[in-house]
Amino acid sequence: MDYSHYPRNDILCIDMRSFYASVEAVKLGLDPMKVMLAVVGDRSRSGSIILAASPALKKKHGISNVSRFFELPKDPAIHIVQANMADYLHVSLNITKLLNTFAPKEAIHQYSVDEVWITVNGLEKLFGNRVEIAVKIKDKILSNFGITSAIGIGDNKFLAKVVMDLHAKNAENGIAKCTYEDVQKMLWPFSVEKIWGIGSRMKRNLYRLGITTLGQLAQFPLVSLKKHFGVMGEQLYWHAWGIDLSPVFGDFTKTTQESFGHGISLLRDYTKEDTFVCILELCEEACRRARTAKKVGRTIHLGIGYSSETGGGFSRSRSIYAPTNITMEMYIVCIQLFEKFYDGYSKIRKVYVTLTNLSEDGDTQLDLFSKRPENKDIGYVMDTIRDKFGATAILRASSYTDAGITLDRSKKIGGHWAKS
Numbered sequence: 001m002d003y004s005h006y007p008r009n010d011i012l013c014i015d016m017r018s019f020y021a022s023v024e025a026v027k028l029g030l031d032p033m034k035v036m037l038a039v040v041g042d043r044s045r046s047g048s049i050i051l052a053a054s055p056a057l058k059k060k061h062g063i064s065n066v067s068r069f070f071e072l073p074k075d076p077a078i079h080i081v082q083a084n085m086a087d088y089l090h091v092s093l094n095i096t097k098l099l100n101t102f103a104p105k106e107a108i109h110q111y112s113v114d115e116v117w118i119t120v121n122g123l124e125k126l127f128g129n130r131v132e133i134a135v136k137i138k139d140k141i142l143s144n145f146g147i148t149s150a151i152g153i154g155d156n157k158f159l160a161k162v163v164m165d166l167h168a169k170n171a172e173n174g175i176a177k178c179t180y181e182d183v184q185k186m187l188w189p190f191s192v193e194k195i196w197g198i199g200s201r202m203k204r205n206l207y208r209l210g211i212t213t214l215g216q217l218a219q220f221p222l223v224s225l226k227k228h229f230g231v232m233g234e235q236l237y238w239h240a241w242g243i244d245l246s247p248v249f250g251d252f253t254k255t256t257q258e259s260f261g262h263g264i265s266l267l268r269d270y271t272k273e274d275t276f277v278c279i280l281e282l283c284e285e286a287c288r289r290a291r292t293a294k295k296v297g298r299t300i301h302l303g304i305g306y307s308s309e310t311g312g313g314f315s316r317s318r319s320i321y322a323p324t325n326i327t328m329e330m331y332i333v334c335i336q337l338f339e340k341f342y343d344g345y346s347k348i349r350k351v352y353v354t355l356t357n358l359s360e361d362g363d364t365q366l367d368l369f370s371k372r373p374e375n376k377d378i379g380y381v382m383d384t385i386r387d388k389f390g391a392t393a394i395l396r397a398s399s400y401t402d403a404g405i406t407l408d409r410s411k412k413i414g415g416h417w418a419k420s
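Just so we're aligned, residue 1 is where the sequence shown starts under our numbering, counting upward by one.
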């Protein structure tokens, strides 16, 4: 492969090691890399997921981030902490601010709450070469936040990310570098499932073709990969050779909204009547977000997941004549879908609604049999009250029933407790 035609950048991919667990350990005055600590989504539920386990807990007891609370061994040395999502977001934001002292905002791409890319092109006179910059950033994060990080360095984002996952996390100094010329030696021997961007389903598909390592993927004919996987096959091929043309500067936040949706995994089995309350509250939130963006949607989607006893569920949508962001109009369509496709007896554990096929919210389509302008105005007034006094300042009466979810969700971020 002739790499002379492809751009070379100085990219760092930074991962905060066991981030949630590390933040909690620091709060307790403990060493994140030595203490055994588990961050649990909800300590009141034995089946709650373990969101993070410290390196020591992983090593001694094999606990991972997909383990459940009840799987924790009865070891008195283990610290069990409930998730505090607001704290993690606060620390993540401050780490990003620290990175901004090394590079401008347009050079920083936040990938997740605990992982970020930073482009350090042209900073040699200020901070040294890219390896020296990585050492400085790693030391700054540790000294300022008490958190150990792993840093991958590459000619592009893909190489920085993959070398971080495969090598930096196991390196003594937590830093690893991969250039185009290093791809065959450092990446090709690894199984395809260990490569960022290849999930379990793609792994199975590749295995059926006899492709088990990244090297085999690179040697597989590009034409055949495109035939089997379309544009994704082409991306896999170029990634196998270490080539990635993703932008390294710019505004990396998503600016185009294609839909407004909300969903929830319920903590207990819901009946049909309970589910109606849940659907109404989810429609309220989806329409609120649409109104905030000055959008309306023509297609309404409802998804229902049944409990593990029966399994299954359904996912259906319907398009309406007049696009809407009025809660009750969306709710009525969702109930119609529910009545048509619900099997009539299964208990319900998952609900999600989506408003899509969006357009700008202009003049309201009048209806002789309803008061659409008034109903839309009511929605905007409720939004204004909530913006000023909080999400729970004004609620429907159904939100105060046992089936209501809004009050509980208002205390959470990303489905987990903002504060314990």
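One should not assume that every hint holds.
Said to hold, decoys possible - Here are the simulated lysine-lysine pairs, DSS-like style, with alpha carbons at most 27 angstroms apart:
id: 1; residue 1: Lys27; residue 2: Lys194
id: 2; residue 1: Lys169; residue 2: Lys60
id: 3; residue 1: Lys59; residue 2: Lys227
id: 4; residue 1: Lys140; residue 2: Lys185
id: 5; residue 1: Lys226; residue 2: Lys203
id: 6; residue 1: Lys97; residue 2: Lys60
id: 7; residue 1: Lys27; residue 2: Lys74
id: 8; residue 1: Lys294; residue 2: Lys340
id: 9; residue 1: Lys58; residue 2: Lys226
id: 10; residue 1: Lys105; residue 2: Lys136
id: 11; residue 1: Lys203; residue 2: Lys27
id: 12; residue 1: Lys294; residue 2: Lys388
id: 13; residue 1: Lys169; residue 2: Lys194
id: 14; residue 1: Lys125; residue 2: Lys185
id: 15; residue 1: Lys27; residue 2: Lys97
id: 16; residue 1: Lys97; residue 2: Lys169
id: 17; residue 1: Lys136; residue 2: Lys169
id: 18; residue 1: Lys376; residue 2: Lys388
id: 19; residue 1: Lys105; residue 2: Lys59
id: 20; residue 1: Lys27; residue 2: Lys59
id: 21; residue 1: Lys226; residue 2: Lys34
id: 22; residue 1: Lys58; residue 2: Lys140
id: 23; residue 1: Lys74; residue 2: Lys58
id: 24; residue 1: Lys136; residue 2: Lys125
id: 25; residue 1: Lys227; residue 2: Lys203
Unchecked claim - Derived CB-CB ranges, DEER-like:
id: 26; residue 1: Ala322; residue 2: Arg208; range: 43 to 51 angstroms
id: 27; residue 1: Ile332; residue 2: Pro76; range: 54 to 62 angstroms
id: 28; residue 1: Leu98; residue 2: Ala322; range: 45 to 53 angstroms
id: 29; residue 1: Leu126; residue 2: Gly199; range: 38 to 46 angstroms
id: 30; residue 1: Trp196; residue 2: Lys27; range: 26 to 34 angstroms
id: 31; residue 1: Lys294; residue 2: Val223; range: 18 to 26 angstroms
id: 32; residue 1: Thr401; residue 2: Ala86; range: 25 to 33 angstroms
Since the hints were made in silico from the structure, they are not lab data. Beta carbons: idealized from backbone N, C-alpha and C, even for Gly.
Against the structure, the hints:
no.: 1; hint: Lys27 <-> Lys194; result: 33 angstroms, violated
no.: 2; hint: Lys169 <-> Lys60; result: 18 angstroms, holds
no.: 3; hint: Lys59 <-> Lys227; result: 42 angstroms, violated
no.: 4; hint: Lys140 <-> Lys185; result: 31 angstroms, violated
no.: 5; hint: Lys226 <-> Lys203; result: 16 angstroms, holds
no.: 6; hint: Lys97 <-> Lys60; result: 35 angstroms, violated
no.: 7; hint: Lys27 <-> Lys74; result: 23 angstroms, holds
no.: 8; hint: Lys294 <-> Lys340; result: 31 angstroms, violated
no.: 9; hint: Lys58 <-> Lys226; result: 39 angstroms, violated
no.: 10; hint: Lys105 <-> Lys136; result: 18 angstroms, holds
no.: 11; hint: Lys203 <-> Lys27; result: 39 angstroms, violated
no.: 12; hint: Lys294 <-> Lys388; result: 18 angstroms, holds
no.: 13; hint: Lys169 <-> Lys194; result: 13 angstroms, holds
no.: 14; hint: Lys125 <-> Lys185; result: 31 angstroms, violated
no.: 15; hint: Lys27 <-> Lys97; result: 20 angstroms, holds
no.: 16; hint: Lys97 <-> Lys169; result: 23 angstroms, holds
no.: 17; hint: Lys136 <-> Lys169; result: 17 angstroms, holds
no.: 18; hint: Lys376 <-> Lys388; result: 19 angstroms, holds
no.: 19; hint: Lys105 <-> Lys59; result: 37 angstroms, violated
no.: 20; hint: Lys27 <-> Lys59; result: 22 angstroms, holds
no.: 21; hint: Lys226 <-> Lys34; result: 47 angstroms, violated
no.: 22; hint: Lys58 <-> Lys140; result: 26 angstroms, holds
no.: 23; hint: Lys74 <-> Lys58; result: 15 angstroms, holds
no.: 24; hint: Lys136 <-> Lys125; result: 14 angstroms, holds
no.: 25; hint: Lys227 <-> Lys203; result: 17 angstroms, holds
no.: 26; hint: Ala322 <-> Arg208: 43 to 51 angstroms; result: 48 angstroms, holds
no.: 27; hint: Ile332 <-> Pro76: 54 to 62 angstroms; result: 55 angstroms, holds
no.: 28; hint: Leu98 <-> Ala322: 45 to 53 angstroms; result: 49 angstroms, holds
no.: 29; hint: Leu126 <-> Gly199: 38 to 46 angstroms; result: 39 angstroms, holds
no.: 30; hint: Trp196 <-> Lys27: 26 to 34 angstroms; result: 30 angstroms, holds
no.: 31; hint: Lys294 <-> Val223: 18 to 26 angstroms; result: 46 angstroms, violated
no.: 32; hint: Thr401 <-> Ala86: 25 to 33 angstroms; result: 27 angstroms, holds
Consistency note: the structure conflicts with the earlier hints numbered 1, 3, 4, 6, 8, 9, 11, 14, 19, 21 and 31.
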